[in-house]
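Chemist: With these hints in hand, go ahead and build the complete structure from the sequences.
Per this note's numbering, the sequence shown runs over residues 1 to 290.
Calculated from the structure, these hints are not laboratory results.
Mixed in with the good hints, there may be bad ones.
What follows is a list of derived Cβ distance ranges for each label pair [said to hold, decoys possible]:
{"#": "1", "residue 1": "D188", "residue 2": "G245", "range": "52 to 60 Å"}
{"#": "2", "residue 1": "H15", "residue 2": "S167", "range": "53 to 61 Å"}
{"#": "3", "residue 1": "D21", "residue 2": "S86", "range": "29 to 37 Å"}
{"#": "4", "residue 1": "D21", "residue 2": "K92", "range": "28 to 36 Å"}
Derived lysine to any residue pairs resembling SDA-like cross-links, with alpha carbons at most 25 Å apart [said to hold, decoys possible]:
{"#": "5", "residue 1": "K241", "residue 2": "C106"}
{"#": "6", "residue 1": "K235", "residue 2": "M271"}
{"#": "7", "residue 1": "K63", "residue 2": "E104"}
{"#": "8", "residue 1": "K169", "residue 2": "H209"}
{"#": "9", "residue 1": "K73", "residue 2": "E181"}
{"#": "10", "residue 1": "K241", "residue 2": "F93"}
{"#": "11", "residue 1": "K273", "residue 2": "Q164"}
{"#": "12", "residue 1": "K63", "residue 2": "I36"}
{"#": "13", "residue 1": "K169", "residue 2": "A122"}
{"#": "14", "residue 1": "K241", "residue 2": "H209"}
{"#": "15", "residue 1": "K190", "residue 2": "L37"}
{"#": "16", "residue 1": "K92", "residue 2": "R240"}
Think of the CB as a built atom: it goes at the ideal place given N, C-alpha and C, for glycine as much as any other residue.
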Amino acid sequence: MAEILLSEAEKAFIHHGVQDDLRCDGRTRLDYRPIILETGLVSNASGSSRLRLANSDVLVGVKVELASPLSEKPLEGRLEFFVDCSANATPKFEGRGGEDLANEICRFLQMSYMSGDTINLAELSVLTGQQCWVLYVDILILECGGNLYDTVSLAVKSALYTTQIPSIKVATMDGDQPELELSEDPYDTKRLNTQNVPCLVTLMKIGNHYLVDPTPEEECCSSSGVVVAVSGTKKITAVRKIGSGSLHPESLVSMLKTASEVGTVVNKILMNKLLEEERAGKTQKVGFMR
Numbered sequence: 001m002a003e004i005l006l007s008e009a010e011k012a013f014i015h016h017g018v019q020d021d022l023r024c025d026g027r028t029r030l031d032y033r034p035i036i037l038e039t040g041l042v043s044n045a046s047g048s049s050r051l052r053l054a055n056s057d058v059l060v061g062v063k064v065e066l067a068s069p070l071s072e073k074p075l076e077g078r079l080e081f082f083v084d085c086s087a088n089a090t091p092k093f094e095g096r097g098g099e100d101l102a103n104e105i106c107r108f109l110q111m112s113y114m115s116g117d118t119i120n121l122a123e124l125s126v127l128t129g130q131q132c133w134v135l136y137v138d139i140l141i142l143e144c145g146g147n148l149y150d151t152v153s154l155a156v157k158s159a160l161y162t163t164q165i166p167s168i169k170v171a172t173m174d175g176d177q178p179e180l181e182l183s184e185d186p187y188d189t190k191r192l193n194t195q196n197v198p199c200l201v202t203l204m205k206i207g208n209h210y211l212v213d214p215t216p217e218e219e220c221c222s223s224s225g226v227v228v229a230v231s232g233t234k235k236i237t238a239v240r241k242i243g244s245g246s247l248h249p250e251s252l253v254s255m256l257k258t259a260s261e262v263g264t265v266v267n268k269i270l271m272n273k274l275l276e277e278e279r280a281g282k283t284q285k286v287g288f289m290r
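Modeler: Put into C-alpha cells, the structure is as follows:
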C-alpha cells in the first residue's frame, strides 16, 4: 500500500469518482494508463527492457548462464528473479526500506512462473541432468508511482521476449564428460516463446467497487485488493491478497473473473507493442530514456 496523506475530503472525492465510474484522471474503473516501452537498452545483457506506467518506472535485464539443473527437474532450465528498489524511487525505500517489498514481488513472480503453461522451461535444457540454461532476471525499480506489481510483470515479460539464448552443441565425448561448444556467430541465437508468459493484474477494492491500475492515492483509499497472474491463454497462475481488509467470497470470485479478462487484453496490448518495437529495428534511443 502507498503511504500518502490524504484529507477526508480528498478520500471522499476519490470514493465518489469510483462509484460513478469516473476516476480522478478521467479513466473508468477498468482502464489502464498508457504504457511506454523500450527494449534492448542494456548492451551487456541477453535481453532488457524499460517500462513506464504513469509514474512507475522499471528497468529489467536478463542474463543467460549455463548451470546444473535442479535435481527434482533434470529436464528443465530455470528462471531466477532478483528485485532491487532504488532509494530514489520513493522516500520509504531509503536504507533497507524496500527490501520487504522487493522480496514480496520476487516470491510472487516465482510463483506466477511455476505453471507449465506459462513458459516451456524444457527449451532451456542442454544436457539432461547435467547442464541447462539459467535466466537471471534482474529488476530495478527506478520510480514508484502506483501499481508496481503490474509494471514489474510487464517489464519482465518484455525483457524475456527480447532475450537471445546462444546456440550450443555437444562436441565429441572426452571420456564420460561431453564438451559443449558455443556458436562463434553472435547472431546464431534462439528465443523463448513468451506468448503465454503471465502479466500481473492488480485490483483494488474501494467501497463496493474495484478498479485496475490504481494510482498511489487510490491505493491509499483501499483497504484490500488482489494481485492476479494471468497468462496469455487467460489462465490464472497465481493469486495474492494485499491490504489488511477482508474480501467477501462473491467479491473475490468476481474480481478474479475481471482480472482474467483484463489480463488477456493487457497481454495483447503488450505483445503488439513488442512487435512494433521489433519491426522498428535498432534506432537511437530517445524520449523518456534520455
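Chemist: Among all the numbered hints in the text so far, which are the ones the structure does not match?
Modeler: Failing hint: just 8.
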